[in-house]
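> Based on the provided sequences and hints, a complete structural model is requested.
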Amino acid sequence: MTTGAPTTLLTVGHSRAGRTGAVTWMALPALVFFIAFGVIPLLGVLALSFTRWDGIGEINPAGLDSWRVELNDPGLPHALKVTFEVMILSWVVQTPLSILIGVFLASHERYRAVLAVLYFIPLLLSSAAIAVAYKALLDPNFGLGAGLHIGFLSQDWLGKDKLALGAVVFIVSWQFIPFHSLIYQGAVRQIPRSMYEAAEIDGAGRVRQFWSITLPQLKYTIVASSTLMVVGSLTFFDLIFVLTAGGPGDATRVLALDMYKTGFQANLMGPASVIAVILVLVGLGLALLLRRIGGGGASDSQLEGA
Amino acid sequence: MTTTATSVDKPAAVRRPKNSRRQRRRGGPNWLGGLAGWIWLVIVMVPIYWIVITSFKTQANYYAMNPLKPPTSPTIDNYQLVIQSDFAQYFINSVLVTAGAIIPAVLLSFLAAFAIVRGNNWFLTGVNGVFLMGLAIPLQATIIPVYLIIIKLQLYDSLLAIILPSIAFAIPLSVLVLTNFIRDVPKELFESMRVDGASEWATLWNLAFPLTRPALVTVSIYNGLAVWNGFLLPLILTQSPGRRTLPLALWTFQGQYGVNVPAVLASVVLTTLPILILYAVGRRQLLSGLTAGFSK
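Chains A and B are the protein sequences, given in the same order.
Note that the first sequence covers residues 0 to 305 in numbering that gives the first Met the number 0.
Note that the second sequence covers residues 0 to 295 in numbering that gives the first Met the number 0.
Please keep in mind that the hints were generated in silico from the structure rather than gathered at the bench.
All figures in this text were calculated on a predicted structure; none of them were measured in a lab.
Derived pair list, reagent style DSSO-like, types lysine-lysine, alpha-carbon separation capped at 30 Å:
hint, chain 1, residue 1, chain 2, residue 2
1, A, Lys134, B, Lys68
2, A, Lys80, A, Lys161
3, A, Lys80, A, Lys260
4, A, Lys260, A, Lys161
5, A, Lys80, A, Lys218
6, A, Lys260, B, Lys151
To spell it out: a stretch of chain B is covered by chain A in this simulated footprint if at least three of its residues, at any positions, have a beta carbon under 8 Å from a beta carbon of chain A; those stretches are:
hint, stretch
7, 56-67
8, 109-115
9, 134-143
10, 244-250
11, 263-276
For glycine and all other residues, C-beta sits at the position ideal for the given N, C-alpha and C.
So, in structure tokens, the structure goes:
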């Protein structure tokens, strides 16, 4: 093992070795980059959580201080709660609608292709642009609802706790339902036609076909799309930062925002790193959970594609 | 048993999305889906329509008019105000950052994906594992150490500070999508290249590269959008107005001209316009590639 590692790499099995050796180096540049700005920061964030640092001066070891401070801070459970609220609500809103629209788009009539083109537009806008626009659109005095004199729409959307959370969920759905619909559209088109023909012969109606064929066949896609949604929801930093900056009060202060504000506004990098570690753990935990629910997950669906 | 059927059907549908036309044309109307589809179109288009028409209104017009009526006398003053606020500089910064990040990211990912598919040893399996793990981690959580590294490299407040982490963040997904596509290349083609005595390097460029071009374009567009629209990295890793990228500029512009809603919305339109134009040109590629790449 001591000297073996690099040499074995070149000498395993004769016919295979030349080829494998010739390509192995090709993976190195990407690996180096990802280690430098992905893996090292990931380990670094754990290391920094045991230090005291204001972001400019020296970094001093501080043992468990940051953990003690952060775990006793009532802001943390609040941020976790808001994060999960946003995550669950946006999943509940997005998934059924995305499946429904995806199935609708999967037929090949021309106008549906046009719809797909238009649906895609919100994905082209940056979260910053969307937040800037919605901030103006939701204005209770001069926004769209107020201008049309629709009482329901002229509420102070970004000024009240529950409404602000709802506004975030709505905007997230506005932004991402099109993306997930397109994923479902692609998946529905890959369901073999013969399955539906067989069902028709058996006299199954459309609704029955949807529940017994379409939905089970979309199982892996639902897991993949949900994983993207759930892990993605942990990174709704830009949108919320520009839209509400976590407000009103701390009503929309999700974990990522909590990390930013603690680290780069209050200059407490130690506690901010603790939040970052928690963010990573939540992300990994959710990804693993969804993998288990999917009964195999990434590696399986890859094989399926190969 | 259901999965077997899918696995047989998938590769063909993935590589040639157009062939799927021969697939089922479903009989009978899908009322619920249709209703959802049309309602969603309204929900998507009304805000966009509102943004565009409002950006051509004067401020007085904006307060007085029905918000959904187009302006009676359209003005381009708002756009002039935006352009005069150094948006050309921010635009150039965004172009440099996006190109500077995406070209290396896609090339490196392509090399790595090729190695992972072609090679077969513990090292490459491990590399693939590292990238797959990267997919499950919210990379924003690593921003504090990234900030520290950028300071140590004395790159703080430069465009390179945004570019380097952007390359790294783009790699995991790119490698995943590209390995899936390279795996779809028939083994016999690789074998015949080998029999002809071609080196792996030649196989890479002459066989794998042309055959995975659609996937390369998809990955470039997808990551390009993410970098072009990126907000957190520029926010944390730069400081001076001369280094601002467009999303950051939008945010500061709103801080400055918040009351002038039409001007703010003009900045939204202007920063999105280049992407919309690219979308109009390459949309077919993007939509088919994206669904193929992600529905795996």
